[in-house]
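Trainee: Okay, here's what each chain looks like letter by letter:
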Amino acid sequence: MVDLTTKIGSLTLANPIMPASGTFSEDLSEVLDLHQLGAHVTKTITAEKRGGNPTPRVCEVRGSMLNSIGIPSKGVQHFIENTIPFYNAYDVPLVVSISANSADEFARICEQVSVPGVAAIEVNISCPNIEEDGKAFAMRPSTTTAVMEKLRSASDLPLWAKLSPNTGETIEVALAAEEAGADALVVANTLLSMAIDIHTRKPKLGNLMGGLSGPSLKPIALRMAYQCAKSVQIPVIGCGGISTVEDIVEYLIAGATAVQVGTATFINPNIMVTLLGQLESYLETQNIASLSDLVGSVRDEDAADSVVFMETAP
Amino acid sequence: MVDLTTKIGSLTLANPIMPASGTFSEDLSEVLDLHQLGAHVTKTITAEKRGGNPTPRVCEVRGSMLNSIGIPSKGVQHFIENTIPFYNAYDVPLVVSISANSADEFARICEQVSVPGVAAIEVNISCPNIEEDGKAFAMRPSTTTAVMEKLRSASDLPLWAKLSPNTGETIEVALAAEEAGADALVVANTLLSMAIDIHTRKPKLGNLMGGLSGPSLKPIALRMAYQCAKSVQIPVIGCGGISTVEDIVEYLIAGATAVQVGTATFINPNIMVTLLGQLESYLETQNIASLSDLVGSVRDEDAADSVVFMETAP
Amino acid sequence: MSLIQRHSAGEGSPANGTTHEVETTVKSNTPVNGEYRLLTLDAPQSVLDCKPGQFFHILCPVTMAEQPYLRRPMSIYGYSAEKGELQFLYKVTGEGTRALATLTKGDKLNVLGPLGVGFTIQDDWQNLLLLARGVGLATLAPLAQEAQRLNRKLVAICSARNEDVLMSIDHFKALGAEVITVTDAQGTSDLENLREIIENQIADHGVDVMYTCGSNRMLKLLQEIGAKHDIPGEIALEQQMACGLGMCQCCVRSFNRNGTITQERVCREGPVFGIEEAMAW
Amino acid sequence: MSLIQRHSAGEGSPANGTTHEVETTVKSNTPVNGEYRLLTLDAPQSVLDCKPGQFFHILCPVTMAEQPYLRRPMSIYGYSAEKGELQFLYKVTGEGTRALATLTKGDKLNVLGPLGVGFTIQDDWQNLLLLARGVGLATLAPLAQEAQRLNRKLVAICSARNEDVLMSIDHFKALGAEVITVTDAQGTSDLENLREIIENQIADHGVDVMYTCGSNRMLKLLQEIGAKHDIPGEIALEQQMACGLGMCQCCVRSFNRNGTITQERVCREGPVFGIEEAMAW
Ligand SMILES: Cc1cc2nc3c(=O)[nH]c(=O)nc-3n(C[C@H](O)[C@H](O)[C@H](O)COP(=O)(O)OP(=O)(O)OC[C@H]3O[C@@H](n4cnc5c(N)ncnc54)[C@H](O)[C@@H]3O)c2cc1C
Ligand SMILES: Cc1cc2nc3c(=O)[nH]c(=O)nc-3n(C[C@H](O)[C@H](O)[C@H](O)COP(=O)(O)OP(=O)(O)OC[C@H]3O[C@@H](n4cnc5c(N)ncnc54)[C@H](O)[C@@H]3O)c2cc1C
Ligand SMILES: Cc1cc2nc3c(=O)[nH]c(=O)nc-3n(C[C@H](O)[C@H](O)[C@H](O)COP(=O)(O)O)c2cc1C
Ligand SMILES: Cc1cc2nc3c(=O)[nH]c(=O)nc-3n(C[C@H](O)[C@H](O)[C@H](O)COP(=O)(O)O)c2cc1C
Ligand code: FES
Ligand code: FES
Numbered sequence: 627m628v629d630l631t632t633k634i635g636s637l638t639l640a641n642p643i644m645p646a647s648g649t650f651s652e653d654l655s656e657v658l659d660l661h662q663l664g665a666h667v668t669k670t671i672t673a674e675k676r677g678g679n680p681t682p683r684v685c686e687v688r689g690s691m692l693n694s695i696g697i698p699s700k701g702v703q704h705f706i707e708n709t710i711p712f713y714n715a716y717d718v719p720l721v722v723s724i725s726a727n728s729a730d731e732f733a734r735i736c737e738q739v740s741v742p743g744v745a746a747i748e749v750n751i752s753c754p755n756i757e758e759d760g761k762a763f764a765m766r767p768s769t770t771t772a773v774m775e776k777l778r779s780a781s782d783l784p785l786w787a788k789l790s791p792n793t794g795e796t797i798e799v800a801l802a803a804e805e806a807g808a809d810a811l812v813v814a815n816t817l818l819s820m821a822i823d824i825h826t827r828k829p830k831l832g833n834l835m836g837g838l839s840g841p842s843l844k845p846i847a848l849r850m851a852y853q854c855a856k857s858v859q860i861p862v863i864g865c866g867g868i869s870t871v872e873d874i875v876e877y878l879i880a881g882a883t884a885v886q887v888g889t890a891t892f893i894n895p896n897i898m899v900t901l902l903g904q905l906e907s908y909l910e911t912q913n914i915a916s917l918s919d920l921v922g923s924v925r926d927e928d929a930a931d932s933v934v935f936m937e938t939a940p
Numbered sequence: 627m628v629d630l631t632t633k634i635g636s637l638t639l640a641n642p643i644m645p646a647s648g649t650f651s652e653d654l655s656e657v658l659d660l661h662q663l664g665a666h667v668t669k670t671i672t673a674e675k676r677g678g679n680p681t682p683r684v685c686e687v688r689g690s691m692l693n694s695i696g697i698p699s700k701g702v703q704h705f706i707e708n709t710i711p712f713y714n715a716y717d718v719p720l721v722v723s724i725s726a727n728s729a730d731e732f733a734r735i736c737e738q739v740s741v742p743g744v745a746a747i748e749v750n751i752s753c754p755n756i757e758e759d760g761k762a763f764a765m766r767p768s769t770t771t772a773v774m775e776k777l778r779s780a781s782d783l784p785l786w787a788k789l790s791p792n793t794g795e796t797i798e799v800a801l802a803a804e805e806a807g808a809d810a811l812v813v814a815n816t817l818l819s820m821a822i823d824i825h826t827r828k829p830k831l832g833n834l835m836g837g838l839s840g841p842s843l844k845p846i847a848l849r850m851a852y853q854c855a856k857s858v859q860i861p862v863i864g865c866g867g868i869s870t871v872e873d874i875v876e877y878l879i880a881g882a883t884a885v886q887v888g889t890a891t892f893i894n895p896n897i898m899v900t901l902l903g904q905l906e907s908y909l910e911t912q913n914i915a916s917l918s919d920l921v922g923s924v925r926d927e928d929a930a931d932s933v934v935f936m937e938t939a940p
Numbered sequence: 007m008s009l010i011q012r013h014s015a016g017e018g019s020p021a022n023g024t025t026h027e028v029e030t031t032v033k034s035n036t037p038v039n040g041e042y043r044l045l046t047l048d049a050p051q052s053v054l055d056c057k058p059g060q061f062f063h064i065l066c067p068v069t070m071a072e073q074p075y076l077r078r079p080m081s082i083y084g085y086s087a088e089k090g091e092l093q094f095l096y097k098v099t100g101e102g103t104r105a106l107a108t109l110t111k112g113d114k115l116n117v118l119g120p121l122g123v124g125f126t127i128q129d130d131w132q133n134l135l136l137l138a139r140g141v142g143l144a145t146l147a148p149l150a151q152e153a154q155r156l157n158r159k160l161v162a163i164c165s166a167r168n169e170d171v172l173m174s175i176d177h178f179k180a181l182g183a184e185v186i187t188v189t190d191a192q193g194t195s196d197l198e199n200l201r202e203i204i205e206n207q208i209a210d211h212g213v214d215v216m217y218t219c220g221s222n223r224m225l226k227l228l229q230e231i232g233a234k235h236d237i238p239g240e241i242a243l244e245q246q247m248a249c250g251l252g253m254c255q256c257c258v259r260s261f262n263r264n265g266t267i268t269q270e271r272v273c274r275e276g277p278v279f280g281i282e283e284a285m286a287w
Numbered sequence: 007m008s009l010i011q012r013h014s015a016g017e018g019s020p021a022n023g024t025t026h027e028v029e030t031t032v033k034s035n036t037p038v039n040g041e042y043r044l045l046t047l048d049a050p051q052s053v054l055d056c057k058p059g060q061f062f063h064i065l066c067p068v069t070m071a072e073q074p075y076l077r078r079p080m081s082i083y084g085y086s087a088e089k090g091e092l093q094f095l096y097k098v099t100g101e102g103t104r105a106l107a108t109l110t111k112g113d114k115l116n117v118l119g120p121l122g123v124g125f126t127i128q129d130d131w132q133n134l135l136l137l138a139r140g141v142g143l144a145t146l147a148p149l150a151q152e153a154q155r156l157n158r159k160l161v162a163i164c165s166a167r168n169e170d171v172l173m174s175i176d177h178f179k180a181l182g183a184e185v186i187t188v189t190d191a192q193g194t195s196d197l198e199n200l201r202e203i204i205e206n207q208i209a210d211h212g213v214d215v216m217y218t219c220g221s222n223r224m225l226k227l228l229q230e231i232g233a234k235h236d237i238p239g240e241i242a243l244e245q246q247m248a249c250g251l252g253m254c255q256c257c258v259r260s261f262n263r264n265g266t267i268t269q270e271r272v273c274r275e276g277p278v279f280g281i282e283e284a285m286a287w
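Protein chains in written order, with our numbering: chain A, 627 to 940; chain B, 627 to 940; chain C, 7 to 287; chain D, 7 to 287.
Mixed in with the good hints there might be a few duds.
Claimed, not checked - Calculated cross-link-like contacts (lysine-lysine; reagent style DSSO-like; alpha-carbon spacing at most 27 Å):
id: 1; chain 1: D; residue 1: 159; chain 2: D; residue 2: 57
id: 2; chain 1: D; residue 1: 33; chain 2: C; residue 2: 111
id: 3; chain 1: D; residue 1: 97; chain 2: B; residue 2: 828
Hints are computed from structural coordinates only; laboratory data are not their basis.
Working from the sequences, and respecting the hints, build out all of it.
Mentor: So this is what it looks like as structure tokens:
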């Protein structure tokens with residue numbers, strides 16, 4: 627028997643596979659047994675009720691997808707009364723994803739969801755900071771520091787900061803989040819993209835642009851997860867384009883201690899459970915007794931110098 | 627007959643399809659007639675001789691590829707004596723791509739290649755600025771301004787600035803390049819990525835990381851081309867993931883006045899000529915008399931507000 | 007009205023198993039006319055407890071020429087637990103359906119379902135009427151089967167461009183439905199003629215409920231007639247889908263619930279909605 | 007030595023047409039043993055002017071299970087302008103070759119070639135010797151055909167794990183080559199035994215040139231023997247490829263040219279190089 631448990635700071639997960647925020651809900655219990663997941667991660671909520679973006683909210687691009695769902699939200703009260711109790715029927719850590727357009731609002735909802743039954747709070751800082759220039763908090767180390775410090779003082783629960791691949795300062799933002807008290811990093815959110823319907827000449831998304839997710843994102847998010855794992859001491863949770871067990875193993879070798887599966891669940895709703903079985907077999911056949919033996923085992927000695935040139939794609 | 631010509635500043639191209647730097651060379655003349663291309667764009671050269679990165683220099687990721695070729699270069703002298711004369715046998719504008727690790731060096735090679743037979747200079751500012759923190763010039767508006775100003779005073783030829791998708795400041799960098807005198811923008815270069823061989827646990831590229839190109843890059847580069855076309859007055863040349871005529875039409879609708887085809891040529895060496903034929907038929911069947919009628923025809927009125935939230939993928 | 011039927015999600019239980027991702031085998035995949043094809047699958051019992059109006063989310067094959075990524079939603083055209091059979095009637099429009107069209111007998115196909123909330127047939131609804139055009143037939147066809155099973159009278163008004171693309175007439179007739187066909191070619195498919203036909207049905211033998219699918223024109227017509235005669239109705243709607251399960255919230259549409267505009271997920275609260283709450287788009 | 011044969015690129019002329027991207031049709035694709043398959047294609051004349059040691063860059067099919075993206079380089083195993091035929095002998099290793107293995111008679115396959123610089127057979131080389139192991143056989147096999155055409159004597163030393171995976175023995179014999187087999191199972195494939203066999207060949211009837219492929223061990227052995235007896239040699243090398251045409255510079259390897267280390271493109275200056283300049287890796 628291999629040991630699949632993994633530690634994210636003070637939290638121990640039975641296994642490293644969990645859903646990505648916004649690609650999972652109570653509804654999935656119709657297809658699979660939610661007990662089997664390492665954690666439950668809910669769709670980002672905001673304090674107030676919100677409608678989300680205009681439709682169409684998704685479109686397909688070659689082998690991947692774009693979405694501009696936005697953050698439709700029934701509000702924090704509805705969430706506390708309905709969603710938390712649903713998940714508390716499972717003996718699986720519940721991770722609540724939150725967001726807001728200003729640091730104070732962010733801190734407020736963070737405090738509001740710091741209730742029994744919640745194991746950790748994922749802070750989706752990839753949303754626009756409307757008090758500044760509208761760029762997402764996670765775009766710059768300075769705004770990351772500002773919001774993370776407020777969040778830190780708003781809750782004693784573990785805080786997972788979810789980074790954005792839209793920044794050119796991945797390492798600086800990761801360090802800022804760590805410094806300001808994040809307990810883990812989730813790497814990464816979707817990447818700003820666009821598609822146009824050549825027949826109507828309209829953007830394929832009602833919101834003009836949206837986030838790329840799925841296999842196309844993987845080499846980018848993997849690079850970020852590696853950069854973060856090399857740079858910070860806190861755990862990194864890999865997220866982006868995972869759809870095979872090889873993808874998961876790649877993230878673990880790169881230094882992630884757990885992974886989130888998003889878009890792949892839309893293609894194969896059972897995939898998280900399938901991947902868990904495959905991961906267990908993989909470790910067995912490779913004679914790896916414990917998941918932690920795999921984590922961060924990348925053999926990058928030869929290439930160590932190159933890390934300096936991290937922003938140097940030709 | 628449809629009019630396929632397109633103007634990039636003072637330069638008129640017979641058609642909008644040209645190769646992307648580094649994915650094209652004299653060797654392609656064995657497979658296709660180089661007369662048919664809108665322009666010839668050469669692999670980036672540096673002033674001195676350089677060896678390039680360790681192998682393996684390429685690997686495959688789902689439906690796309692990573693490369694870390696680096697910029698092996700036989701030096702500017704060899705280039706002027708051998709490469710320029712080869713292309714001058716064709717009546718097609720020759721675009722020479724150059725790079726350097728400091729602004730002064732950059733200006734020097736720019737001057738050196740400003741010779742008869744060269745129609746424009748593409749400046750690959752996605753390379754590390756070793757005098758600063760090693761981040762590429764194109765990562766920040768300030769470094770872009772600095773290098774572009776020096777380049778501008780070094781040559782009277784049209785200067786095409788090639789942007790990087792690794793930055794979180796696409797629009798600011800585009801504006802900086804325009805302001806400093808760029809005659810066109812090429813959008814974009816490859817995106818920093820990584821892949822790990824799970825069997826050896828080594829990075830798949832000898833250089834640890836490399837640039838993503840091919841279909842996965844398209845929605846990202848298209849978004850950038852759109853952002854740039856909306857923000858600057860100079861022409862934008864779309865580049866990234868083009869492999870079908872629909873891709874080209876999408877870039878044109880988004881506002882690009884020409885396109886570069888890179889990785890797709892590795893998959894189908896004839897593709898640029900094939901695409902040219904298909905583009906002509908497309909325009910004919912759509913009753914579009916001139917390419918320029920398509921350029922920038924995106925119907926984004928409904929979504930105009932969203933442009934504000936450009937960095938806001940959820 | 008449709009909301010009352012909503013599945014309630016599992017409560018700390020193992021997968022509650024109303025929906026399954028299963029591998030099926032193609033029995034046949036034949037052209038119906040120039041645009042439509044009928045796909046018949048050998049499917050496991052687990053997914054054959056269907057209701058008219060529900061749909062499946064189909065993982066179209068990947069071929070050299072077509073590489074669809076997301077699943078494609080398709081209404082259930084036919085289902086039979088006895089025969090272990092599931093049928094889809096689809097129009098070849100883009101990458102996914104072109105890929106579907108390449109399937110031949112023996113090929114495997116991964117489907118997820120049954121999904122969503124189907125049509126209601128209340129106990130006291132004896133005279134059913136449906137109004138279908140184009141691919142809407144696929145969605146409405148199972149109502150004929152269900153009407154026969156429940157011993158209700160069904161009038162199916164089938165509209166099409168011309169006789170050649172009129173489909174499923176025999177299917178409806180075999181299931182005991184009365185079929186009225188109208189076509190653009192004959193000039194019988196216009197709104198006013200449709201209104202007259204329906205009014206006549208109401209006058210002749212009464213209509214307890216009206217079903218339709220898809221188009222704005224038909225929605226408005228049935229909303230008007232329904233309001234006038236106080237006849238309930240249901241409409242099956244479409245929207246782009248990613249998950250098909252209710253998780254991603256991409257498939258929302260606006261509905262007018264007693265003056266309040268709400269957004270509901272077509273895949274989950276629908277695809278069938280009350281005709282009075284549906285909004286033209 | 008191989009550099010002299012380099013194609014010179016076109017000079018302002020239309021495509022000079024030494025290389026073509028063509029659609030071929032699969033004639034057969036049969037297992038040779040547990041690991042290798044032989045693919046026979048119906049190919050147009052334009053690509054059949056091949057030389058032993060050249061290769062094609064193959065666009066492997068995309069299937070539901072395998073989605074290779076880049077082309078895959080494969081040595082020419084057989085070519086015949088008369089029969090309009092092209093053959094590849096390949097080992098099923100990863101995504102691309104697994105996809106290749108699914109091809110059946112009548113399927114289409116896009117190939118690009120012939121590419122690269124092949125083996126040299128100088129006019130005064132009468133006694134040829136080749137040393138092949140595993141997939142190296144695929145690369146070296148056409149030398150037998152060419153040797154027969156040019157009326158040269160060829161000794162082929164074929165090495166393998168065991169008798170079961172020894173391939174192409176009959177192929178070599180049918181083309182008049184003398185075949186010496188060695189296997190790990192019999193304990194005959196070790197370096198010292200190979201050295202002895204080659205030394206005996208040199209002593210018995212002289213060897214004018216030695217050809218090999220792939221492995222470091224064999225490279226060093228032939229470098230040593232070649233230096234000792236002043237016998238030239240050539241080796242076909244492999245490297246990851248993207249374009250296969252010389253454009254991308256990803257396929258470089260280091261060579262020792264009279265003490266200077268240079269980098270050459272395997273796809274363009276190779277894949278065949280002089281054995282004295284090749285460097286172990
Ligand atoms: C609940 C429901 C039931 C349906 N039932 C049927 C049916 O029985 N028969 C039938 O032929 N069609 C049906 N459709 C429409 C069918 O889903 C689309 O025709 C199909 O997805 C087109 O895919 P494509 O790849 O061929 O087309 P493309 O245009 O290439 O598709 C591109 C993307 O848009 C989506 N899309 C395109 N058209 C529609 C649409 N009308 N509704 C939702 N998404 C769309 C696709 O799913 C895909 O993600 C139904 C749609 C829904 C929502
Ligand atoms: C000039 C040349 C001639 C060759 N001739 C033959 C032959 O006749 N028969 C045969 O079986 N094999 C031959 N090979 C090796 C063959 O190209 C690889 O086995 C094949 O590319 C593996 O692809 P895959 O997708 O199955 O494996 P994967 O391991 O999944 O391939 C992943 C990537 O690595 C590349 N790659 C993997 N192995 C090699 C290799 N050895 N050399 C270069 N690239 C590689 C692939 O092309 C692909 O891009 C030759 C290689 C070269 C360079
Ligand atoms: C439809 C959709 C909705 C999403 N909503 C959220 C969200 O509300 N909050 C969030 O942090 N990330 C959201 N994401 C991003 C995912 O959590 C994940 O970071 C991203 O999709 C990359 O992973 P993947 O490639 O496995 O999907 C969403 C992604 C998708 C596709
Ligand atoms: C093998 C390879 C080498 C490249 N070399 C260069 C280069 O030297 N200079 C440059 O500006 N871009 C270089 N690029 C980037 C391409 O010019 C292009 O911007 C990128 O590949 C995106 O386009 P594509 O998706 O069509 O390939 C290279 C790309 C590849 C794949
Ligand atoms: S398609 Fe995902 S919620 Fe409806
Ligand atoms: S594979 Fe591109 S240069 Fe050799």
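Trainee: All hints are to be evaluated individually against the structure, with a verdict given for each.
Mentor: Verification of the hints:
Between the alpha carbons of residue 159/D and residue 57/D the distance comes to roughly 18 Å, so the proposed pair stays at or under 27 Å and holds. Between residue 33/D and residue 111/C the CA atoms are separated by roughly 24 Å; this keeps the pair inside 27 Å, and the hint holds. A hinted pair counts as satisfied when its Cα atoms are at most 27 Å apart, and residue 97/D with residue 828/B qualifies at roughly 24 Å.
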